[in-house]
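Engineer: Residue numbers (the working numbering), protein chains in the order written: chain W, 1 to 529; chain C, 1 to 420.
Since the hints were made in silico from the structure, they are not lab data. Some hints could be false.
[As the list claims (entries may be wrong)] Computed beta-carbon distance windows for the label pairs: (1) G56(C) - Y74(W): 44 to 50 angstroms; (2) S316(C) - S496(W): 47 to 53 angstroms; (3) E43(C) - S138(W): 31 to 37 angstroms.
[To be verified] When the alpha-carbon atoms are kept at most 16 angstroms apart in a straight line, the in silico EDC-like pairs for lysine to aspartate or glutamate are as follows: (4) K299(W) - E309(W); (5) K238(C) - D493(W); (6) K216(C) - D376(W); (7) K251(W) - D141(C); (8) K464(W) - E131(C); (9) K309(C) - D375(W); (10) K363(W) - E272(C); (11) K310(C) - D493(W).
Here a beta-carbon is modelled for each residue, glycine too, at the ideal position from N, C-alpha and C.
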Amino acid sequence: MKAYAAGDKLGGKGSAKAKPVKSPGDKIDNKVQKTKNYLLDKLRKGRNAYHKHKPSGIGIFLIVALALYAWDAYSGFNTSPSAMGVLMIIYAAISIIGAFLLFQTGPSLDSMKLFGVSIMALLIPRAFVYASSWGAISPDWAWVFGVLAAPWFWYIYSKEEYKTPAIEGWGKLIIVFLLLVLLLKLSDYLPASNQIGDTLDPKSGWQTFKDKIINPAEHIGKGVSLIDKLKTTLNQSLNMEYFTGQVEQNKDEPLGVYLEDLTPTEPIFYEKWPVVVWATLSGKSFEDIIRVDIGCHAKKDDLPIMAGEVNPKKVELFFNEETGLQCTFDSLPKGNYKVVFTTSFDFSTHGYITYTFVELETKRRYYEQRISIHDDLSIPRNAQAIYTNGPAAIGLMSHALPITVNPDGSLPPFGLTFAEVWQNGDIKRINTLEVQVPEEIQLENCVPEATLKADSDKGTDVPKNYDVYEFKTVIGNEVKMFTTITCDMKISDVPSFMNSNLKVVKTFAVKANYKYIMDKSVSIRVEDV
Amino acid sequence: MIKNKKYFFWMPWILLLILTSCGPGNNPYLENYYTGIKGVEMEFIGNSPPDEIYEGTEFPLAVFISNEGAFSLNGSLYKGTLSYSFDPYYLSVKSDSISKADLVVEELFGKSYTHPKGGIGVYVLPSFMAEKIAGQRESPDTDLFISVCYPYRTTLADEVCIDTSDFVDVREKVCEVENKVYTSQGAPLVVTSVDVGNRKDGSLMRPSFLIKIENKGSGMVLAPVEEKDLSEACELQKESYYKSRWNSVKISAELSSEKLTCIPDEIHLRDERGFATCFLDGGVYGGNLNYYSSLVVKLDYVYMTSISKKIELIRSGIPTYDYSTDSGNCQYWQTDVGGGNCIDNCALCAQGANFPFCDIVDSDWDCSCGANECLSVIGSKKIEEWLGKQTEVEIEFANGNCIFGAVSLCQPGKFCCVKQ
Numbered sequence: 001m002k003a004y005a006a007g008d009k010l011g012g013k014g015s016a017k018a019k020p021v022k023s024p025g026d027k028i029d030n031k032v033q034k035t036k037n038y039l040l041d042k043l044r045k046g047r048n049a050y051h052k053h054k055p056s057g058i059g060i061f062l063i064v065a066l067a068l069y070a071w072d073a074y075s076g077f078n079t080s081p082s083a084m085g086v087l088m089i090i091y092a093a094i095s096i097i098g099a100f101l102l103f104q105t106g107p108s109l110d111s112m113k114l115f116g117v118s119i120m121a122l123l124i125p126r127a128f129v130y131a132s133s134w135g136a137i138s139p140d141w142a143w144v145f146g147v148l149a150a151p152w153f154w155y156i157y158s159k160e161e162y163k164t165p166a167i168e169g170w171g172k173l174i175i176v177f178l179l180l181v182l183l184l185k186l187s188d189y190l191p192a193s194n195q196i197g198d199t200l201d202p203k204s205g206w207q208t209f210k211d212k213i214i215n216p217a218e219h220i221g222k223g224v225s226l227i228d229k230l231k232t233t234l235n236q237s238l239n240m241e242y243f244t245g246q247v248e249q250n251k252d253e254p255l256g257v258y259l260e261d262l263t264p265t266e267p268i269f270y271e272k273w274p275v276v277v278w279a280t281l282s283g284k285s286f287e288d289i290i291r292v293d294i295g296c297h298a299k300k301d302d303l304p305i306m307a308g309e310v311n312p313k314k315v316e317l318f319f320n321e322e323t324g325l326q327c328t329f330d331s332l333p334k335g336n337y338k339v340v341f342t343t344s345f346d347f348s349t350h351g352y353i354t355y356t357f358v359e360l361e362t363k364r365r366y367y368e369q370r371i372s373i374h375d376d377l378s379i380p381r382n383a384q385a386i387y388t389n390g391p392a393a394i395g396l397m398s399h400a401l402p403i404t405v406n407p408d409g410s411l412p413p414f415g416l417t418f419a420e421v422w423q424n425g426d427i428k429r430i431n432t433l434e435v436q437v438p439e440e441i442q443l444e445n446c447v448p449e450a451t452l453k454a455d456s457d458k459g460t461d462v463p464k465n466y467d468v469y470e471f472k473t474v475i476g477n478e479v480k481m482f483t484t485i486t487c488d489m490k491i492s493d494v495p496s497f498m499n500s501n502l503k504v505v506k507t508f509a510v511k512a513n514y515k516y517i518m519d520k521s522v523s524i525r526v527e528d529v
Numbered sequence: 001m002i003k004n005k006k007y008f009f010w011m012p013w014i015l016l017l018i019l020t021s022c023g024p025g026n027n028p029y030l031e032n033y034y035t036g037i038k039g040v041e042m043e044f045i046g047n048s049p050p051d052e053i054y055e056g057t058e059f060p061l062a063v064f065i066s067n068e069g070a071f072s073l074n075g076s077l078y079k080g081t082l083s084y085s086f087d088p089y090y091l092s093v094k095s096d097s098i099s100k101a102d103l104v105v106e107e108l109f110g111k112s113y114t115h116p117k118g119g120i121g122v123y124v125l126p127s128f129m130a131e132k133i134a135g136q137r138e139s140p141d142t143d144l145f146i147s148v149c150y151p152y153r154t155t156l157a158d159e160v161c162i163d164t165s166d167f168v169d170v171r172e173k174v175c176e177v178e179n180k181v182y183t184s185q186g187a188p189l190v191v192t193s194v195d196v197g198n199r200k201d202g203s204l205m206r207p208s209f210l211i212k213i214e215n216k217g218s219g220m221v222l223a224p225v226e227e228k229d230l231s232e233a234c235e236l237q238k239e240s241y242y243k244s245r246w247n248s249v250k251i252s253a254e255l256s257s258e259k260l261t262c263i264p265d266e267i268h269l270r271d272e273r274g275f276a277t278c279f280l281d282g283g284v285y286g287g288n289l290n291y292y293s294s295l296v297v298k299l300d301y302v303y304m305t306s307i308s309k310k311i312e313l314i315r316s317g318i319p320t321y322d323y324s325t326d327s328g329n330c331q332y333w334q335t336d337v338g339g340g341n342c343i344d345n346c347a348l349c350a351q352g353a354n355f356p357f358c359d360i361v362d363s364d365w366d367c368s369c370g371a372n373e374c375l376s377v378i379g380s381k382k383i384e385e386w387l388g389k390q391t392e393v394e395i396e397f398a399n400g401n402c403i404f405g406a407v408s409l410c411q412p413g414k415f416c417c418v419k420q
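Isolated chain W (complex conformation) (with noise of 0.2 angstroms):
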């Protein structure tokens, strides 16, 4: 199509060519209309360029995209207004060195993405942060939702055009880490004998995740690993006599001896001069005070070398306390160390398990008329064993209920299982192990041994009507693993056991008290003067 301008005389004679007389809005129009045709050419060379190139530098801004990324999971995704202020700094730097050195794209809509995929790094997180305080979900799930959004590597990860082998090698692994963190947590929810008694900050996610993967020795009981779990699942399948039980969840802090934040007073210490760590001991305990003997010394290579001077020695823990404790080397030759902090104390760790028992005609009775006896009676559908936190876990046999009681009072048996849950230290000795039965009950054939303790001899803590098996044979035995101890039950006098009653409810408990050994250590280096 022409454009003829005004003035243009159609079908003439003269010249040929007719020019055409641009008014001054013309001008500008066509002006306007070059530069922009110029700029949307540019882009458009730009974008096809960069897509045809593969970034060289891709690979170095993902490292540094993750590692912040790393950072801000560490720190918990920090909500504070400081720390998002210096992230959004980090993020925009990121983004800008992203866009103009490494990806040089320069002002594109792709580096528009760039800025994008950063707030979305920035706020994703938080937004789980927020939802968990919000109660929509658990503040740990927060964390692992949180890791699992890495906005920067699925950005990168999902595009084509920035794919290289290396991206392509290295993405495969991290989506293998990222599963890892998720079945991590999905292991919590395994039919396990133990489940996590605290319920985690989304601030303490890393040190579990690190607890869990990275140091399960240094995990020290307020959670229990995979390791653990894989383990009793181990025995479990190798049918060995295991019986399992849950945590009880304690309200505040946990049960048990806890040593934590063991910190050297420098970054580095020098020879001939004293080396001092610190550290904090806590413990909780219901039932009585916790004594604790201390003790410290370095180690190099894994083997210890030099006893150090603890302050205090032995600690006193009454219900719920925490101390601070010192380990002085007078000094240490040159060269790296780790400085152990030893625990010794006696501590208890109680099972329990209710049974519901009905006599065989009751049950018969239910069963004829397809009445359910689990929900007229208010009768659980299995008994559940429940242990107390702490170095140790009890598992107790667990029936279908209601038990039935047969004429004859025969029972099924009774069973339990007394195994080391925490990974950073030993059951050194088993100091007593006593079960707790109702007086109409007795337990017979027990393997080991039982023997059933004179009523001067129960204890205080022992409610009324109830005897006492003490296991002597297990007593002074060092606990390796698991130990399990099963017994036949019986009813001596049915009608009596019964009364007039529908169902008797009868709680049986186990308590065990052994010698638990602790370490935690730090590492040092002692360099030349």
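Assemble the complex: chain W is given as a structure, and chain C must be docked to it using the hints.
Structural biologist: Chain C in isolation, oriented as in the chain W frame:
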């Protein structure tokens, strides 16, 4: 005209209001109290027992009992008995707080025109005590289970048509035979249907009824008892003779005051249902009779309903300890050999003790080695020199004559080794 239209619109509604406001529905004499499937019902009163209770404290237990059926517990023969069960590990009864007589539900009227809402009563059961929580458990929970057992009766009274004609009668019939279906009679056990029929007896016809019953209540039917034993109907239930007869109901029926023979006279319920056939065995019966007659069916049984509540026990606070007594425990590398005498595990093993870790200790070993004795220095440098001269040296640990590792045989800094 418009005004008239409005008048006609409102008139029926106003009439309906007037008619229903003083109608027979509010007349207690005309109310049918023989409806509903409830008998004696229970519920816990308010906060007794509470949802949470501190250990070592006493708490009351009270239940509200109402007779929502149509049969009255008269307090003499017909009376209920309360019972309770609990886990003695967590709860105990204050034995002096109640007698056995306090657990008897004496007089509790059923619904009638004199007691349109049925009888109600508040029963204060024994005070309970939450035991001190033994061991390390923080907040266990436990169930408190209450049940009430009571003898009860379901009564069905209805008019039935009897027709004993076994041939075509040209005369006009008084009534047509029809089977009856019922939903409730103001009791947990319900007569659900009555099928009216005849049994041929020679030339005569006996009126016969197939009576079906069902337990529609929320509880359990126990064993029926003889009338002379009614006052102890619930106590007898624990005897094996009675227990084997649980889910049984005694049935009796009358037709125009003539007692019917029921087979069986004690129905054993299966899947909460049962039936019996009742027929006229004596009195007047014959052929070609067609009349209305009143049928009364009575079911006598002992019934039991239960309620339960979960109570959470809470630790009341920090425990009390006697600080004056030290445990006298040995150190973790030692063992108490009696009388508070602590000996190093290494020395004990050397003396022949049978600890699991003693396998690696020989008889001539003790804790006499320090780090110096356990180290051998490559390059002929003694550790003292090394410490003194700050010389960089390689060291290695000798495993042959010292025991290192997790087994605690000696105090820190000392190692179990061949006597030096």
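Engineer: Compare the structure with each hint and give your call.
Structural biologist: Now for the hints, and whether the structure bears them out:
1. At roughly 46 angstroms, the beta-carbon separation of G56(C) and Y74(W) lies within the given 44 to 50 angstroms, and the hint holds.
2. Between S316(C) and S496(W) the Cβ separation comes to about 33 angstroms, which falls outside the hinted range of 47 to 53 angstroms.
3. Judged by the Cβ atoms, the range 31 to 37 angstroms given for E43(C) and S138(W) holds: they are separated by roughly 36 angstroms.
4. Restraint check for K299(W) and E309(W): the C-alpha separation of about 14 angstroms stays at or below 16 angstroms, so the hint holds.
5. Our distance criterion of 16 angstroms between C-alpha atoms is met by K238(C) and D493(W), whose separation comes to about 14 angstroms.
6. Distance hint between K216(C) and D376(W) is fulfilled; the C-alpha atoms sit about 14 angstroms from each other, no more than 16 angstroms.
7. With a CA separation close to 14 angstroms, the supplied pair K251(W) and D141(C) stays within the 16 angstroms bound.
8. Proximity of K464(W) to E131(C) is assessed by CA-CA distance (about 10 angstroms); at most 16 angstroms being required, the pair is judged to hold.
9. Between K309(C) and D375(W) the alpha-carbon distance is near 13 angstroms, which keeps this suggested pair within the 16 angstroms criterion.
10. As the CA atoms of K363(W) and E272(C) are separated by approximately 15 angstroms, the hinted pair is consistent with the 16 angstroms bound.
11. As the CA atoms of K310(C) and D493(W) are separated by approximately 29 angstroms, the hinted pair breaks the 16 angstroms bound.
Of the numbered hints listed earlier, those contradicted by the structure are 2 and 11.
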